[in-house]
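Since the structure of chain A is already known, use the hints to place chains B and C with the ligands on it.
Protein chains in written order, with the working numbering: chain A, 1 to 508; chain B, 1 to 497; chain C, 1 to 100.
Hints are computed from structural coordinates only; laboratory data are not their basis. Warning: the hint list may mix true and false statements.
[Unchecked claim] So the derived list for chain B, only partly shown, Cβ under 7 Å to chain A, looks like this: (1) Y105; (2) G204; (3) D239; (4) A240; (5) D328; (6) S370.
[What the hints assert, rightly or not] Derived BS3-like pairs (lysine-lysine); straight-line CA-CA distance at most 27 Å: (7) A/K241 with A/K90; (8) C/K28 with B/K102; (9) A/K126 with A/K241; (10) C/K28 with A/K90; (11) C/K68 with A/K153; (12) B/K259 with B/K288; (13) A/K373 with A/K251; (14) A/K398 with A/K442; (15) B/K288 with B/K448; (16) B/K259 with B/K463; (17) B/K96 with C/K28; (18) B/K102 with A/K153; (19) A/K126 with A/K202; (20) A/K202 with A/K286; (21) A/K245 with A/K286.
In this text, a Cβ means the ideal position worked out from N, Cα and C, and glycines have one as well.
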Amino acid sequence: MARDRLPVVLERYEAVIGLEVHTELTTLNSKMFCGCPVEFGGEPNTRVCPVCLGLPGALPVPNEAAVEATVLAGLALNCEIAPFSQFHRKQYFYPDMPKDYQISQYDLPFCGLGHLDIEVDGDGAKQRVDLGAEPYATRIGVTRIHLEEDTGKMIHVGGVEGRIAGADHSLVDFNRAGTPLMELVSEPDIRTPEEARRFAQKLRLILLNLGVSDCSMEEGSMRVDGNISIRLRGETELGTKTEIKNMNSFKALHDALAFEIVRQADVLDEGGRIVQETRHWDVTAKRTSTLRSKEQAHDYRYFPEPDMVPFEFTPEWIDAIRVRLPELPDARRERFVRDFGLSPSDARSLSEDVEFSAYFEEAVALAGNSLAKPLANWALGDLSAYLNAGPVALADAKVTPAMLAELVEIIDDGTISGKQAKQVFAEMAESGDAPGAIIELKGMKQVSDTDAIEAAVDRVIAANPDEVASYRAGKTTLIGWFVGQVMREMRGQGNPALVNETLVRKLG
Amino acid sequence: MSFDVSTLSARAIRDGIAARTFSAAEVVDATYARIDAVEGAVHAFNELTPELAREAAGRIDAMVAAGEPLPPLAGVPTGFKDNMNLVGTHTTCSSKILEGFKSPYDCTAVRRLLNAGALPIGKCNMDEFAFGSSTENSAFGPTHNPWDLERVPGGSSGGSAASVSAGMVAVSLGSDTGGSIRQPGALTGTVAMKPTYGRVSRYGVVAFASSLDQIGPFARSVEDAALVLNAISGHDDMDATSVREPVPDFTATLGDGVKGLRIGVVRDMLELEGCAAEVRSATEASVKLLEGLCAEVGDVDLPMSQHGLAAYYIIGPAEASSNLARFDGIRYGHRVAEPSDVLDLYMRSRAEGFGPESIRRIMLGTYALSAGYYDAYYGTAQKTRTLITREFEAAFERFDVLITPTSPTVAFKIGERAEDPLAMYLSDVYTIPLNLAGLPGVSIPCAKCGTSGLPIGVQVIGKHFDEATMLQVAAALEGALALDMTPPAFPLHRRSS
Amino acid sequence: MSISEADVRHVAILARLALSDEQVSRLKEEMNSILGHMDQMQSLDLEGVEPTSHSIPLRNATRPDVVKPGLSRDLALMNAPQAENGAFVIPRIVGVEEGA
Ligand SMILES: [Mg+2]
Ligand SMILES: [Zn+2]
Numbered sequence: 001m002a003r004d005r006l007p008v009v010l011e012r013y014e015a016v017i018g019l020e021v022h023t024e025l026t027t028l029n030s031k032m033f034c035g036c037p038v039e040f041g042g043e044p045n046t047r048v049c050p051v052c053l054g055l056p057g058a059l060p061v062p063n064e065a066a067v068e069a070t071v072l073a074g075l076a077l078n079c080e081i082a083p084f085s086q087f088h089r090k091q092y093f094y095p096d097m098p099k100d101y102q103i104s105q106y107d108l109p110f111c112g113l114g115h116l117d118i119e120v121d122g123d124g125a126k127q128r129v130d131l132g133a134e135p136y137a138t139r140i141g142v143t144r145i146h147l148e149e150d151t152g153k154m155i156h157v158g159g160v161e162g163r164i165a166g167a168d169h170s171l172v173d174f175n176r177a178g179t180p181l182m183e184l185v186s187e188p189d190i191r192t193p194e195e196a197r198r199f200a201q202k203l204r205l206i207l208l209n210l211g212v213s214d215c216s217m218e219e220g221s222m223r224v225d226g227n228i229s230i231r232l233r234g235e236t237e238l239g240t241k242t243e244i245k246n247m248n249s250f251k252a253l254h255d256a257l258a259f260e261i262v263r264q265a266d267v268l269d270e271g272g273r274i275v276q277e278t279r280h281w282d283v284t285a286k287r288t289s290t291l292r293s294k295e296q297a298h299d300y301r302y303f304p305e306p307d308m309v310p311f312e313f314t315p316e317w318i319d320a321i322r323v324r325l326p327e328l329p330d331a332r333r334e335r336f337v338r339d340f341g342l343s344p345s346d347a348r349s350l351s352e353d354v355e356f357s358a359y360f361e362e363a364v365a366l367a368g369n370s371l372a373k374p375l376a377n378w379a380l381g382d383l384s385a386y387l388n389a390g391p392v393a394l395a396d397a398k399v400t401p402a403m404l405a406e407l408v409e410i411i412d413d414g415t416i417s418g419k420q421a422k423q424v425f426a427e428m429a430e431s432g433d434a435p436g437a438i439i440e441l442k443g444m445k446q447v448s449d450t451d452a453i454e455a456a457v458d459r460v461i462a463a464n465p466d467e468v469a470s471y472r473a474g475k476t477t478l479i480g481w482f483v484g485q486v487m488r489e490m491r492g493q494g495n496p497a498l499v500n501e502t503l504v505r506k507l508g
Numbered sequence: 001m002s003f004d005v006s007t008l009s010a011r012a013i014r015d016g017i018a019a020r021t022f023s024a025a026e027v028v029d030a031t032y033a034r035i036d037a038v039e040g041a042v043h044a045f046n047e048l049t050p051e052l053a054r055e056a057a058g059r060i061d062a063m064v065a066a067g068e069p070l071p072p073l074a075g076v077p078t079g080f081k082d083n084m085n086l087v088g089t090h091t092t093c094s095s096k097i098l099e100g101f102k103s104p105y106d107c108t109a110v111r112r113l114l115n116a117g118a119l120p121i122g123k124c125n126m127d128e129f130a131f132g133s134s135t136e137n138s139a140f141g142p143t144h145n146p147w148d149l150e151r152v153p154g155g156s157s158g159g160s161a162a163s164v165s166a167g168m169v170a171v172s173l174g175s176d177t178g179g180s181i182r183q184p185g186a187l188t189g190t191v192a193m194k195p196t197y198g199r200v201s202r203y204g205v206v207a208f209a210s211s212l213d214q215i216g217p218f219a220r221s222v223e224d225a226a227l228v229l230n231a232i233s234g235h236d237d238m239d240a241t242s243v244r245e246p247v248p249d250f251t252a253t254l255g256d257g258v259k260g261l262r263i264g265v266v267r268d269m270l271e272l273e274g275c276a277a278e279v280r281s282a283t284e285a286s287v288k289l290l291e292g293l294c295a296e297v298g299d300v301d302l303p304m305s306q307h308g309l310a311a312y313y314i315i316g317p318a319e320a321s322s323n324l325a326r327f328d329g330i331r332y333g334h335r336v337a338e339p340s341d342v343l344d345l346y347m348r349s350r351a352e353g354f355g356p357e358s359i360r361r362i363m364l365g366t367y368a369l370s371a372g373y374y375d376a377y378y379g380t381a382q383k384t385r386t387l388i389t390r391e392f393e394a395a396f397e398r399f400d401v402l403i404t405p406t407s408p409t410v411a412f413k414i415g416e417r418a419e420d421p422l423a424m425y426l427s428d429v430y431t432i433p434l435n436l437a438g439l440p441g442v443s444i445p446c447a448k449c450g451t452s453g454l455p456i457g458v459q460v461i462g463k464h465f466d467e468a469t470m471l472q473v474a475a476a477l478e479g480a481l482a483l484d485m486t487p488p489a490f491p492l493h494r495r496s497s
Numbered sequence: 001m002s003i004s005e006a007d008v009r010h011v012a013i014l015a016r017l018a019l020s021d022e023q024v025s026r027l028k029e030e031m032n033s034i035l036g037h038m039d040q041m042q043s044l045d046l047e048g049v050e051p052t053s054h055s056i057p058l059r060n061a062t063r064p065d066v067v068k069p070g071l072s073r074d075l076a077l078m079n080a081p082q083a084e085n086g087a088f089v090i091p092r093i094v095g096v097e098e099g100a
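Same shape as in the complex, but just chain A (with noise of 0.2 Å):
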């Protein structure tokens, strides 16, 4: 296996990745150039008009929130943001494409130089054998960030898995054609399949939190394709690269280029040469193949889109954006420790998504920052317990943060054990009632009440001095009178177990 020889072959040879990653803008309400809805799925054609069709005649306008969102995706990856940026036409025929050009960007993009710092741990960071296999921290450069538009989709007939090889004829779907699509083009400064993975990772993280895309890897909204080369340890020259597709998910990517390693490896110990192709990773195979060669390679005569004017940002127009963007994971990693005294990885695992994180914020503002620490034990433990189990999505839960906070406070002052907590979430989950009302409707209060309990049990044994006696002189069947006597003095509340229990100890 390949990811068994990885540590071996990266022994003695460096990789040396780039990343291309395409996501598409999904939150938005139309596409890259036209009125049509952005959504996923639906009737084949039904979501067109003349724009993303092609027609004769029909012209782009680019939409205003989709420049918006490319430029937002640019600060937070600390992007330079071009003062003077431009569409263009990439042209090569192709059936899912209705102009056949993409509209895109070329030497103009909007965002240009930036950065993505990247943290590995654990297993991942035994890949790295230069340095010594210890966790680290690394910077990546951003080439550029710029809009273009997708295509429509191919349905493959007569063939084997839907692939085009052996198909009868095709079906075309323009439905997807004219989703604004981002692309994000990443330094070669990536050196192990770890990092492309927790690159990845980060991105979609970034831009979950920007709210630009549902980032679903699943459903194609985000795609990675990488650039990948190697050469000897200490060797300055770049190695011939390959370009690998289709990996879609982030154990694909990491496997697919780790494969890749291998292979090269393997080609280059045997004397060979790498050829600079494009290579298909197959998920079930798992391995990369031949997709075209280099000799295949377009002629793309990108010209300035002339259907459309360039876009000059002034420094206020940025700052405009700038101040859309939100707190992003890292900041308020640190923020949570900093404020709230949490550990790096319960902060991290808190800070990471921005509706999870909102959420344990408010539970945290209810409850004070005193209580933080347990908040974030619920929040990470039985409340993601149970929202995976259903799974549940955040907003759909029956727990919210107020409920919460008033749980924790209620174990913080002793009301309730944190055993007892615990089947008070799970019916707070169950029912959507607040923990308070559970805890009394189901009598919990009062069995954690001992101190309740035994105020009123000293109260009767003072005030039945005879019984008492009785009691003690072996009476022992009076023990259902000052049961009855410590639930009238509490008013039935009293939790009847407890309050024998505590009986028989006293009285004993």
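Chains B and C with the ligands only, in chain A's frame:
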């Protein structure tokens, strides 16, 4: 009631309907009667749309009956170049590759004109995809010049020009990428104008060269052209290159004369080798007339504009090669029989569907954009364009409008230049620089050739978004010339008195 | 610059045009003649001149992110040379798979 629709101006038709002198329905009948008589020889139309026209006329007549105020072009018979989409019509661009293509949506300018009350009479013949200056490059046969049926009407909007010239419609729309409205206007003796780039939405007109294309009117008078411009101008959120400039009433200043206006005669263009002597003298005579109307006339040279043709024949084909990629036989248009695979479908459908001039331009444009040649051709052409634009800007610091001939020659014989693309391309030497600089221009008839009797046009060039002054000069000249531009081959029926 | 027949054939493939030998040789002549004429621009001093892709100084033309009605499927497929189950039908694709 008796009237001759072929002689009436747009305004007269509207007013006649408003005054109940005749109905819109009668205008439709008279129009198709005229077309019956003339169209066989001229071939200005690819498609006639009597049902749409009658429907529109019915609405106008209902408004009259209800006493509602009529829109400005109510009941005016109108032709549309066959590269403009209109639901209920075919849009073929005179190409086999789009034969039978039914418009699923409307071109903005067409819709606006119809909203102003115009009657859609038919779709006008053109050079295939607007590639040409003679309307010979039509898959459906050439259009003949009403002034001499042996001759071309100019192009590419030759059908739109001939339909107005021959009195079949009062006004029509054409599109102008390098002179495709103004040059046929000059060759058919009609008023023909290209607005400032961005003034009229391009949405729904099949693109030739997106950065140069502009829709404009043909008419038999400057006033009618201004009325059409009023109706079609203004921002359209379906076209990112359409501007938000305010749209004045272009008819309001037509009578203001030229006294004190600074008029620049583009001297080096006038003296261009290849400009026919009668064209040169007709232009000079027009200038003299304007001087007589108290305009301040001076000379200006535009040496950079002489490179306009070269820049245009790079930029135009480059953009066209890209715009025409979509005609691939996948979603619409001609598809070859029994394609072996998608590549075969593309290669043969396109080779079969496009005519020779389209193939020539696609090849030129693809080459000019291809790896290794972009800078030498496209890049150089775009820089040349900058110099041409600057040169005009400098000239407009000194002048309010500029004057050149529209076409270096009168209408030529059908077939005469068909085998020599370069000679054909020279037809647009005066009109192309305006498209490169985005400026408005209008051609009005200024003379009939002394030997052939064929119309000669003069071009008035305005500043960006100053069509009003340009039309004001054109109207003054039109009034002073007082030419009868009735084609002798098709004497317009005179109203029997 | 002079264009060879091989150049013409290469460009014809880029442009997806199946040309006959006769078309290729005629286009070679015509393109050389036309582009030869265009070479006059090379005499211009274009040092430091910015290219113009539009003659009007429009910038930042966008539309708001609002959904608008599109075409019904019947209209979308109205001109399709071949359609099936609401989709456009194409013959098999030989060669490569593309991506955005
Ligand atoms: Mg891309
Ligand atoms: Zn659409």
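Verification of the supplied hints:
The restraint placing B/Y105 at the interface with chain A holds, with a minimum CB-CB distance near 5 Å, inside the 7 Å limit. Given hint, B/G204 at the interface with chain A, holds; its Cβ is 4 Å from that chain's nearest Cβ, closer than 7 Å. Here the hint on B/D239 is kept, as its CB sits about 5 Å from the closest CB of chain A, short of 7 Å. Interface restraint check for B/A240: the shortest CB-CB distance to chain A comes to about 5 Å, inside 7 Å, so the restraint holds.
Given the 7 Å rule on beta carbons, the hint for B/D328 holds: about 6 Å separates it from the nearest Cβ of chain A. A least Cβ separation of about 5 Å between B/S370 and chain A falls short of the 7 Å threshold, and the interface hint therefore holds. At most 27 Å may separate the alpha-carbon atoms for a hinted pair to count; A/K241 and A/K90 meet this at roughly 23 Å. A hinted pair counts as satisfied when its Cα atoms are at most 27 Å apart, and C/K28 with B/K102 does not qualify at roughly 36 Å.
The suggested pairing of A/K126 with A/K241 holds, with an alpha-carbon distance near 24 Å, which does not exceed 27 Å. Between C/K28 and A/K90 the alpha-carbon distance is near 26 Å, which keeps this suggested pair within the 27 Å criterion. Proximity of C/K68 to A/K153 is assessed by CA-CA distance (about 22 Å); at most 27 Å being required, the pair is judged to hold. A distance of roughly 13 Å separates the Cα atoms of B/K259 and B/K288; the hinted pair therefore holds under the 27 Å criterion.
Pair hint A/K373 plus A/K251 does not hold up; C-alpha atoms about 32 Å apart against a cutoff of 27 Å. With a C-alpha separation of about 19 Å, the suggested pair A/K398 and A/K442 falls inside the 27 Å cut-off, and the hint holds. Straight-line distance between C-alpha atoms of B/K288 and B/K448 comes to about 17 Å, which keeps the hinted pair within the 27 Å bound. Between B/K259 and B/K463 the CA atoms are separated by roughly 18 Å; this keeps the pair inside 27 Å, and the hint holds.
Distance restraint check for B/K96 and C/K28: the Cα-Cα separation of roughly 24 Å lies within the 27 Å cut-off, and the hinted pair is therefore satisfied. For the hint linking B/K102 to A/K153, the alpha-carbon distance of about 25 Å falls within 27 Å, and the restraint holds. In summary, the hint linking A/K126 to A/K202 is supported, as the alpha carbons are separated by about 19 Å, within the 27 Å threshold. With a C-alpha separation of about 24 Å, the suggested pairing of A/K202 with A/K286 holds against the 27 Å cut-off.
The hinted pair formed by A/K245 and A/K286 meets the criterion: a straight-line CA distance of about 13 Å does not exceed 27 Å.
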